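Asker: Letter by letter, the chains look like this.
Number of protein chains: 4
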Amino acid sequence: MTVRVAVAGASGYAGGEVLRLLLGHPEVEVGALTAGASAGMTLGQYQPHLLPLAGRVLADTTTEELAGHDVVFLALPHGKSARIAAELGPDTVVIDCGADHRLEDAAAWQRWYGGEHAGSWPYGLPELAGRDALKAAKRVAVPGCYPTVSSLALAPAVADGLVEPEVVIVAVSGTSGAGKSLKPHLLGSEVMGSLSAYGVAGTHRHTPEITQNLSKAAGEHVSVSFTPVLAPLPRGILATCSANLKPGRTIEDVRAAYEKSYADEPFVHVLPTGSWPTTGAVLGSNAVQLQLAVDTELNRLTVVGAIDNLTKGTAGAAVQCMNIALGLPETTGLSTVGVAP
Amino acid sequence: MTVRVAVAGASGYAGGEVLRLLLGHPEVEVGALTAGASAGMTLGQYQPHLLPLAGRVLADTTTEELAGHDVVFLALPHGKSARIAAELGPDTVVIDCGADHRLEDAAAWQRWYGGEHAGSWPYGLPELAGRDALKAAKRVAVPGCYPTVSSLALAPAVADGLVEPEVVIVAVSGTSGAGKSLKPHLLGSEVMGSLSAYGVAGTHRHTPEITQNLSKAAGEHVSVSFTPVLAPLPRGILATCSANLKPGRTIEDVRAAYEKSYADEPFVHVLPTGSWPTTGAVLGSNAVQLQLAVDTELNRLTVVGAIDNLTKGTAGAAVQCMNIALGLPETTGLSTVGVAP
Amino acid sequence: MTVRVAVAGASGYAGGEVLRLLLGHPEVEVGALTAGASAGMTLGQYQPHLLPLAGRVLADTTTEELAGHDVVFLALPHGKSARIAAELGPDTVVIDCGADHRLEDAAAWQRWYGGEHAGSWPYGLPELAGRDALKAAKRVAVPGCYPTVSSLALAPAVADGLVEPEVVIVAVSGTSGAGKSLKPHLLGSEVMGSLSAYGVAGTHRHTPEITQNLSKAAGEHVSVSFTPVLAPLPRGILATCSANLKPGRTIEDVRAAYEKSYADEPFVHVLPTGSWPTTGAVLGSNAVQLQLAVDTELNRLTVVGAIDNLTKGTAGAAVQCMNIALGLPETTGLSTVGVAP
Amino acid sequence: MTVRVAVAGASGYAGGEVLRLLLGHPEVEVGALTAGASAGMTLGQYQPHLLPLAGRVLADTTTEELAGHDVVFLALPHGKSARIAAELGPDTVVIDCGADHRLEDAAAWQRWYGGEHAGSWPYGLPELAGRDALKAAKRVAVPGCYPTVSSLALAPAVADGLVEPEVVIVAVSGTSGAGKSLKPHLLGSEVMGSLSAYGVAGTHRHTPEITQNLSKAAGEHVSVSFTPVLAPLPRGILATCSANLKPGRTIEDVRAAYEKSYADEPFVHVLPTGSWPTTGAVLGSNAVQLQLAVDTELNRLTVVGAIDNLTKGTAGAAVQCMNIALGLPETTGLSTVGVAP
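Residue numbers (the UniProt record's numbering), protein chains in the order written: chain A, 1 to 341; chain B, 1 to 341; chain C, 1 to 341; chain D, 1 to 341.
Any given hint could turn out to be false.
Identical copies go unnamed one by one, so any copy, or any two together, can satisfy a pair.
[Stated by the list, open to error] Here are the simulated DSBU-like pairs of lysine-lysine, each with C-alpha atoms no more than 35 Å apart in a straight line:
| hint | residue 1 | residue 2 |
| --- | --- | --- |
| 1 | K138 | K80 |
| 2 | K135 | K80 |
| 3 | K216 | K246 |
| 4 | K183 | K80 |
| 5 | K135 | K260 |
| 6 | K180 | K80 |
| 7 | K138 | K216 |
| 8 | K180 | K216 |
| 9 | K216 | K260 |
| 10 | K138 | K246 |
No wet-lab data here; the hints were simulated from the structure.
All figures in this text were calculated on a predicted structure; none of them were measured in a lab.
Okay, chain A solo, but in the shape it has when bound (with noise of 0.2 Å):
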C-alpha cells in the first residue's frame, strides 16, 4: 500500500513535524507541500533537518495544489480548514492540525476563536475518543497539545467517579508550541533563562477543550481551572494535573483505575511507582508518561504527564489518527522511543 500525501503548512513547525515522521513511514509517499508566504522557496530553507526534501519547492496552498492526494494534512491558522476540505471532496482523508473542528459547542468556538463555527470532525485522541469514529473517518481534528496531556492525564480518574469533578491544570510547556510567529516575547534572548505564564486564568483556548474532553470522561461538567506556563525548551509539556479524592477512595482505586484504562493502548505509560515523567524521554516520540500520586493528608491526587508537544502532542496523533483512517496499524512509523539526552 502506498499513500500518497500532501502536507499544506509546510514551512511550520506542525507541518515540519508530520514531514518529519511521514519520511520514516513505510507506507507513504509524499506529495505536494504547500505554504503561505514561503510558498516558492525550498522546504530547505524552513526545515533544514528534512534533508531527504530539502530541494522541494513549496506550491501556494491551494485545493489545487492539494487535489489528488489519498491524504492531506492540515497544519494551518485556524479557520481555513473547512474551505478546503470541502473542495477537495469527501474522499479525500482530511487532518486538521488546527483547531476548526475540535470543538462541538457552536456557540464555545465563537467565543473562543471568532467567527463561525464549520462543525467538529471526529476527535483525534482515540485513546479517550475511541476508535469508531475514527476507523474509515475522512476527517480528523487533531487535538491540541495541552488538551491531549491533561486530558489523558485525568481522564481515568474523572470517569470512574474517583475524584471531584474540579481540577486544576498547571502546564509547562516548550516554546514551539507557539509556533515561528516572530513575537519579542518568543526571541532566544528573552526565553533562555526565564519563565513565564500566560493565558492565566481561564484565558487560554485550550481551556475549553479540556473541559470539554474531561466532561464526555465524566459525563457531567468538570471544571477546569488551566495555567500554561512558557520554559526554556524548545519541546516538551509537562502537566500537573490535581483534584481531590472523592471520599473513602485511595491511590490503590486510581492507579487501578488508570492501569485498565490504558493497559491497551500503545502510546500510554504509566510508569513504575517512583519513576516520574520527564519531557526529556518523549522528545520526538508519540508516547505519553503519566506518574500519579496522593497527598494523604489533603487526599489530592497528583497526576503528572509528559508528551512532546510537536509530536504526540500534534503531528504523532496526526499521523496516529490516519494509520487508524486508513486502516494500518495504529503504530506504523511512529515510536515510543524519545531522542535523549
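Got chain A sorted already, so can you dock chains B, C and D onto it with the hints?
Answerer: Structure of chains B, C and D alone, referenced to chain A:
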C-alpha cells in the same frame, strides 16, 4: 559603620550569592570564608564570578574561624546551625540560610527533616512576618525559596478572607535551588531540554513551611497542595497559585488587598494589569513580581509570582534581614533591578 | 556631582543594559529615555527588569528630547549618530554604542556599512587605546562586542612581537548580540539546542575593527581570520584566539607580556594557570577573563577570553568611558562581580 | 536476517544512543545489556526514553553475558575493550565506541591515554577510511566525535592539496560528549548560560586522532591546532575549521573537491551555497552538514561542519559500521532526518 561578616558554606550556591551581594554592600567587610570538603582551596575555584575574593583561601567551618565577626551567615546543610550559633554566643548576629529554625512546630520539623528540632528563630520574611521580631534580632531563619514566593503570592488573599483556605501551588524552578550536589538528574545533559516534577503530592519539605505561613496569615488552617517542577534554567522560580474566591468576592477586592498589603514594600511589586511576571526580569534582583487574575467562569483566583531563588529566595532575604537586624536601611546593598535579557 | 544622562534607544538590549548600569551609578540621574517605534509606550513594557523606571514613557528620539543632558548615550542602528551629535552641540558628552565612529578608514567604513563615513571618534577601549584621548572627550565610539574581547585577548602578543601577525579567532556568542530584531533564526525554538556559524570567512562587520585594533597594537598589518558562532545562551562571548609563536618565544614570555599589559587594569583579569574563562563568571560584570596556553608541538599560542557582550562588550564600556570623560573614578558604577550560576 | 546484538555500557549516553538506534533497526534483536556500577538495575532507571526496553535488568559486563551474540557494541571507558574482544573470540563482530583501537601509533596511544596500546582496528569512518577494511570486519574502532566532524570537514581540502597542511579547528560541543560523569562543571546550573574552553592548546585526546586522519588523507603530516568549547546544549558539535589556501586555489576548486568527495555518501551533505550547518538540523540523525567559504582577503578557507555527537559522532557511526560489516545496506536503521526544532 563597618560590619564584619563571615560566611560559612562559601563554596556553595547560597554562600556564593550571599558573597555576591555583600561585595556590593557599602557597610560590609568580608571576613572569614569557610567550607566543608572545599576547605583549603581558594574561593576562585568554586566561585569564579567573585573576582575580588578569588584568591581567598577557604577555612574549615569551625566556631573558631567564625568567631569575632559582627554577623555570620550560615549556608550549611540542615542540622548544623544550632550548635554553631550556641558556640558563637548571643551577641553575634547569626543568619541561617538553612532550614533548621524555620518551622515552629517541633513535631513537624522532626517529621520532615529528622532529628531533634533546634527551635524556631525569627522568620526572615519581613513582608509577611513583620519587622518587629527582626529588629535587633541576633538570630534569623531565612525562609525557603518556594515558601518565599508562594507565601507572598497568596498571603493577602488568605489574610483578608478573600479565598477559600484550600490552595494549589505549582512552582517551576531553575536548578540552582538543588545546590551543587552531584546527582545524575542535575547534570546539564539531563536538565537541558527537559522538564520534570518532583516532591509531588505534598512530599517536598517546603510544604509545611508554606502551610505554616499561610495558616498564620489566614488565622486558620490553610490546606496547601504544592508541586515543584524543575526546568532548564539556572535561576528563578515562577509560582502559579490558585484558590477559589469566596462568594461575592471579585478581582477588584483582591487587587485592592494586594496593593494595600504591598504598598510600602520596597521589594514586592504587583505589576500593572496586563503585565505578567517573568523570572528573567528578577534575575539577580531582590524583587518579587506578582500578578493576579480571576477566572470568572470558575470564580477562581490565580496569582503568579516570580523571584530569583538565590536572591530574594535565599541570599537577598538574608542580607535584607541583616540590614533590619543592624538598623541599616532595609534596601542597602540590594536592588530591584534584574539582569536581563 | 550629579550627571544628568539621556539614553536614545532605551527599548533595545544595549539601551536597557546602559540603564541597568546607570541605575547603580551613584553620580547619575536618569533623564530622557527615547525610542523609535516604541515611543509612547512605558519602559516597563520593554525592560521589565528595570523596575525603578518601569513607568517612564519613552519619548521620540529627537534632538529636542536629548538636549539639556550632560551625557547622551546612543544605542541606535548605525548611520544615525553623527547628525544627532552635531545637533546636540560640542558640550554634550555623546557616547555612541553603535558602529558609526569606530573605524578610522573611511573607505573601510563605506565598504562594510555603506553610506558615507561620519568620521572616527576616540575609541572607547581604554585598556588598548589608552585614556588620553578619552579624558575630557566629548565624543566616544564604544567598540563592538567581538572586537573588545578579541583585541584584548591578542593585543599584548602582537604588540610585543611574540606571535606572527596572522591570527585566527572563533568567537562563540549568546543571542543578545543580535538585538531584538524579529528574525526567524533568533526565535527561542531555533536557538535552543542548536549551534550555528554566521558571517563566516571575513564577512562579519566586526572583522575590520579587530584588524584595525590589532594592527595598531602591532605596528604592522595583522591578518585576522574571524568566525562568529551563535550558541544557546542570552549573554556572553567566549573567544578562542590563536597565532603561531615567533621563533624562540615561550609561554613564559607570553604570560609575562600579558601580566605586564594588564597589571593595572581594573577590568582585565589574566586568570591563574589552570583556570579557564567562562562567560558565566562574567555575566552582568564588566570584567574580561583571559587565559593562555601554548601548544608546544605546534608552537602556537591560544588565548581564550570571556566577556559579557552587553556589559564590557557594550554598555559597561560605555559607562567606563563616561567615567573617564567626566573625570570620575573609572570603575564607578561598574563591577567585576558576575551573577552566577 | 536477524542479528542478535549485545551492548556493554548500556546505562551511559553512548550505550543509550546505540540502543535507541537499534530499536529502530529492522534486522536487529536486542540481547544482553550490561553495565558496571548500574548492574542489577533496570534500564528504565537510566534510559527512561527507551520505553520498549525499560524493564530490562542490566547485567554485569562480563564475557559470559556478552557471549553468544552476533554483534557486541562496547561503550566502555578506554582500556577495557581488548580483553573482552579477545575472550569473545574472532567470530563475534565487536564494535568499540571507545578510544582503545583508534590510534595506529602505539607511542601516541600511550602518551595520550596511558597504559599499553592494544593495537588498532579498522577505523569506522567509511567516508574517509573507505569500506574495504570494514566489509566483513570482525573488529571496528568507532571514531571520536570531534575527529568525525573535523576530519570530514577538512579531508577533501587536504587530500587534494588545496590548503596548506596547517589547520585550525575550534569545535563547540554540547555536554553529552562528556558522558554522565558527576563533575561539578557538568551540572546544569554551571552549564546553562555559560561557555567555556577546555583541552586548549593541543591537550585534548582527540587531537592525535584528527592529526592521524588528516595526515593520512593528505599524504603528509598535517599540523592541527584544536580547541574544544563547551556550550549549553545536550547534543551537537559545530566545528569551525580553517586553513590557508595554496596559491592559485579558489573557492570553486574547493567546492568541486568536496562535491566530488561526498557525491555518493549517504550521510555527508555539502549544503547549497548560502545555507550554513546547524547542529539543530542534525539532532538525532546520522547526517553531517558541511558548508565552506573563502575569505578572499586572506585566501583562507573556512569549513563549518555539524553533527550530532551521539549519533554520527558515536552510535550512528557504530551502527553504520555494523551494517557494512554484516553486508546490510549501509543506511539500514539510520536516518538523515533530524529532530527539530
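Asker: For each hint, tell me whether it holds in the structure or not.
Answerer: A quick look at each hint next to the structure:
1. Only within a single protomer do K138 and K80 lie at most 35 Å apart by alpha-carbon distance; the minimum there is 17 Å, versus 58 Å between protomers.
2. When the C-alpha separation of K135 and K80 is checked against a cutoff of 35 Å, the pair qualifies only within one copy, where the shortest distance is 24 Å, while the shortest distance between copies is 54 Å.
3. Both within a single protomer and between protomers do K216 and K246 lie at most 35 Å apart by alpha-carbon distance, with minima of 19 Å and 28 Å respectively.
4. Taking the shortest alpha-carbon separations for K183 and K80, both the intra-copy value of 22 Å and the inter-copy value of 26 Å come in at or below 35 Å.
5. For the identical chains of this complex, K135 and K260 are intra-copy neighbours only, at 23 Å inside a copy versus 50 Å across copies, given an alpha-carbon limit of 35 Å.
6. Within a single copy, K180 and K80 get their C-alpha atoms as close as 18 Å, and across copies as close as 31 Å, so both meet the 35 Å cut-off.
7. With identical chains, the CA atoms of K138 and K216 are at most 35 Å apart within one copy only, with a shortest distance of 23 Å there and 59 Å across copies.
8. Proximity of K180 and K216 under a CA criterion of 35 Å is satisfied intra-copy only: 33 Å inside one chain copy versus 45 Å between copies.
9. In this homomeric assembly, K216 and K260 come within 35 Å of each other (Cα to Cα) only inside a single copy, at 19 Å, whereas the closest approach across copies is 43 Å.
10. In this assembly of identical chains, K138 and K246 lie within 35 Å of each other by CA distance neither inside one copy nor across copies; the values are 41 Å within and 48 Å between.
Going through the hint list in order, the structure does not satisfy hint 10, though it satisfies all others.
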